[in-house]
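Going line by line, the protein sequences match chains A and B.
Mapping of the first sequence onto our numbering: position 20 corresponds to residue 20, and the numbering continues sequentially without gaps.
Mapping of the second sequence onto our numbering: position 62 corresponds to residue 62, and the numbering continues sequentially without gaps.
Hints were generated in silico from the structure; no laboratory data involved.
Warning: the hint list may mix true and false statements.
As the list claims (entries may be wrong) - Under the rule of at most 27 Å between Cα atoms (straight-line distance), these lysine-lysine pairs were calculated in the BS3-like manner: (1) B:269 with A:52; (2) B:311 with A:31; (3) A:5 with B:62; (4) B:198 with A:128.
To be verified - In silico negatives: residues of chain B with every beta carbon more than 10 Å from chain A: (5) 64; (6) 349; (7) 400; (8) 478.
From the three backbone atoms N, C-alpha and C, an ideal C-beta is built for every residue, glycine too.
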Amino acid sequence: MGKEKRIYMRIGVLGILLIALVFAIYSSISKPGLLKVGDEAPNFSLKDREDKNVTLADLKGKTVILNFWGTWCEPCRNEMPALEKIYQKYKSDDVVVIGLNVGEAKLTAEQFIRQVEVTFPIWFDSRKEVTKRYSVGKMPTTYFIDKDGVIRVIKTGEMTERVMEQLLSETKQ
Amino acid sequence: MSDDRKCECGHTNPIGTVLCESCGKPLLMTDAELEEADNFPSMRYEGMARRSKTYSRKLVDKVWNFFSSVKIAVIIIIITLVMASVGTILPQKMYVQVPLLDEQMTRDYYSGTYGLFGDIYYLLGFHEMYNSWWFVTLMAMIGISLVICSLDRIIPLYKALRKPRINQHLAFYRGQRLFIPLPVEGAKELDATMDQTKGWLKKRGYKIFGEGTSILAEKGRISRWGPYINHVGLIVFLLGVLLRGVPAFHIEEFIWVREGQTVSIPGTKLFVKNLEYKTEYYAEDEYVEELGMKEGMVIPKNFQTDVIIYKNENENLPGAEPNLTQVKEGPITVNHPITYQGISLFQLDRREQILGALNFTLIDMDSPDSKEIGEVKIDLFDPSSEIKVGENYVVRILDYFPDYQMGTDNRPQTKGVLPNNPMVAMEIVDTKTNVLERVAYVAGGFVQQNENTPRFQLATHMPDLIDSSGLIVRKDTMLPLILFGAIVSMIGLVMGFYWNHRRIWIHMEAGRIYVAGHTNKNWFGLKQEAKFLMKHLNLSNDLVAVQDKDKKKNT
Numbered sequence: 001m002g003k004e005k006r007i008y009m010r011i012g013v014l015g016i017l018l019i020a021l022v023f024a025i026y027s028s029i030s031k032p033g034l035l036k037v038g039d040e041a042p043n044f045s046l047k048d049r050e051d052k053n054v055t056l057a058d059l060k061g062k063t064v065i066l067n068f069w070g071t072w073c074e075p076c077r078n079e080m081p082a083l084e085k086i087y088q089k090y091k092s093d094d095v096v097v098i099g100l101n102v103g104e105a106k107l108t109a110e111q112f113i114r115q116v117e118v119t120f121p122i123w124f125d126s127r128k129e130v131t132k133r134y135s136v137g138k139m140p141t142t143y144f145i146d147k148d149g150v151i152r153v154i155k156t157g158e159m160t161e162r163v164m165e166q167l168l169s170e171t172k173q
Numbered sequence: 001m002s003d004d005r006k007c008e009c010g011h012t013n014p015i016g017t018v019l020c021e022s023c024g025k026p027l028l029m030t031d032a033e034l035e036e037a038d039n040f041p042s043m044r045y046e047g048m049a050r051r052s053k054t055y056s057r058k059l060v061d062k063v064w065n066f067f068s069s070v071k072i073a074v075i076i077i078i079i080t081l082v083m084a085s086v087g088t089i090l091p092q093k094m095y096v097q098v099p100l101l102d103e104q105m106t107r108d109y110y111s112g113t114y115g116l117f118g119d120i121y122y123l124l125g126f127h128e129m130y131n132s133w134w135f136v137t138l139m140a141m142i143g144i145s146l147v148i149c150s151l152d153r154i155i156p157l158y159k160a161l162r163k164p165r166i167n168q169h170l171a172f173y174r175g176q177r178l179f180i181p182l183p184v185e186g187a188k189e190l191d192a193t194m195d196q197t198k199g200w201l202k203k204r205g206y207k208i209f210g211e212g213t214s215i216l217a218e219k220g221r222i223s224r225w226g227p228y229i230n231h232v233g234l235i236v237f238l239l240g241v242l243l244r245g246v247p248a249f250h251i252e253e254f255i256w257v258r259e260g261q262t263v264s265i266p267g268t269k270l271f272v273k274n275l276e277y278k279t280e281y282y283a284e285d286e287y288v289e290e291l292g293m294k295e296g297m298v299i300p301k302n303f304q305t306d307v308i309i310y311k312n313e314n315e316n317l318p319g320a321e322p323n324l325t326q327v328k329e330g331p332i333t334v335n336h337p338i339t340y341q342g343i344s345l346f347q348l349d350r351r352e353q354i355l356g357a358l359n360f361t362l363i364d365m366d367s368p369d370s371k372e373i374g375e376v377k378i379d380l381f382d383p384s385s386e387i388k389v390g391e392n393y394v395v396r397i398l399d400y401f402p403d404y405q406m407g408t409d410n411r412p413q414t415k416g417v418l419p420n421n422p423m424v425a426m427e428i429v430d431t432k433t434n435v436l437e438r439v440a441y442v443a444g445g446f447v448q449q450n451e452n453t454p455r456f457q458l459a460t461h462m463p464d465l466i467d468s469s470g471l472i473v474r475k476d477t478m479l480p481l482i483l484f485g486a487i488v489s490m491i492g493l494v495m496g497f498y499w500n501h502r503r504i505w506i507h508m509e510a511g512r513i514y515v516a517g518h519t520n521k522n523w524f525g526l527k528q529e530a531k532f533l534m535k536h537l538n539l540s541n542d543l544v545a546v547q548d549k550d551k552k553k554n555t
């Protein structure tokens, strides 16, 4: 085997091994399905309070604040009034707040909505498929999605009105 | 260097050759050095030029040489082993029983449970070690080292063994660990019976190379390929493990499915419905011997979930109503999963006797004839807001708290989604007269609107108790490949362990005959063989025994 040929052989073998190495590292670090800031928000279809089918894609062109909540979650209850205020304040500004109830009976959720007196749309993820797709573990979790349907902020935990304002302005940039 | 390449026999060897490819004379030694039998070079790799030992100027060559070193391979393996064992000191994050939802919680868990050590452990990333980039890099480096080490050795080895060494330089024979110069009379004897000796060797399973006075008898060459076949198997194995990282080839999830519930199988377009879960127990007459069990003690015999698998004909849009067609139906028991298109569901866990629905009988005290109006069933997972009872009664559910408690703000709320302590507020209406009365079911009892003279009453019956199955969803397309790699690796090991590559040379030079031998393992066996050969030639065993002087191990 000539010297030239040998070098190409070695480059070839090392190249293949390098690809395998990069792939190994990539596949171990990347968690498939886990959403990150900058990803497109996956579409989904749920029922709203009137039992109508609604999809996220319907809201394209609007900034969406997607709030995952449950009636049993104390911080969710706490941040509801602030969410309502943001909804009222930016309604005319093409901002939608969606409260996404995680896997509860509609009856249970409805009485909670009456208690906290919110008027923004509530969608019901009764089979928790959307919750799973959006990898929601800790509640509340709020996704801020921009006009183009791209996730700009993923916030876990309770937010104050000021924090919401700030994250919303980050999203709209 | 060019001086070393040309052997005195006239053959030009590649740079780095230790033993002349043609005549087997050590190239890098002076004749004086050769006089010392101990100085003979190692027979490993047959004294061929190894790629990695030659060029090292270019970066490619440097990288190649790095990975072709067995020393480096051993160091990488040791580092990997040490780190892998460090990862077992504290539990990995995935095995922590408490849900750790974010980084802060994780850190608090490790430092809170294990103190400063736990905190350092967390900060160094040891809590998620086996998927960390550096651990994967170590594993991949073992793989790379395997490939390059093998290539670097098997090519020259193949070349050397393809051309059996016959008619070698006397120094080659003299350098062998087994070297027997035959006495002159023995030499004559052998010369006369060469054909017979060849036949004798053949009968013992040797292949004979060479003609006339210089022959090579070789046996068990397969042994030399063993390590490389073993490595190919390991590489296939690693490749299979690597490809498991592709989601299309590997799914491992866990789902809970209640009886009657249909749940999406993660990562697929399939759904599973739990028809029934049951635990079966051994009856007393099934025990082989008296176990002395206390009254009421039981031993489970079978954990079984009967399921239907559906395929969603719609696009898999999360949350959207699926369009299901049944594709399979059957039982799942422990170790006997149900499998559809490579996706298996295993029985792993169960929760039995969960409250599923409340059962009441509605009683109207003012009813003229039968006071019992009818049955009321309240599904605790999906309560309907209105239940018609009898001809003209309706029970409306106003509020439902699956796990009722009084909140800090003195409002009723639920602790969670499971109906551990259901509270149901109802409105019972006689639609004929529009008489309406409210009643709440709380903590197993009732709170009536008309405390003293309630018109409607609910008689409580046994609630529906349902079971829930915990199923593992598993898809492991690469498993056959991994198994194949393991088998190939085993074949390689067997080839290397149970065969040995024996070579016996008989060489005549200047009226004398020399017998030399080499084996890659089992020197005792080779010596026995040599003794048999001596016996065959009617020579003394002592000739071989002399060889037991402590010659350096030139294996």
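Here's how the hints hold up against the structure:
1. B:269 with A:52: Judged against 27 Å, a Cα distance of about 24 Å means the pair holds.
2. B:311 with A:31: Within the cut-off at roughly 26 Å; holds.
3. A:5 with B:62: With a Cα-Cα distance of about 17 Å, the restraint between residue 5 of chain A and residue 62 of chain B holds, given a limit of 27 Å.
4. B:198 with A:128: violated, 80 Å
5. 64: Not fine: 5 Å to the nearest Cβ puts residue 64 of chain B too close to chain A.
6. 349: holds, 18 Å
7. 400: Non-interface label on residue 400 of chain B violated, nearest chain A Cβ at 4 Å vs cutoff 10 Å.
8. 478: holds, 12 Å
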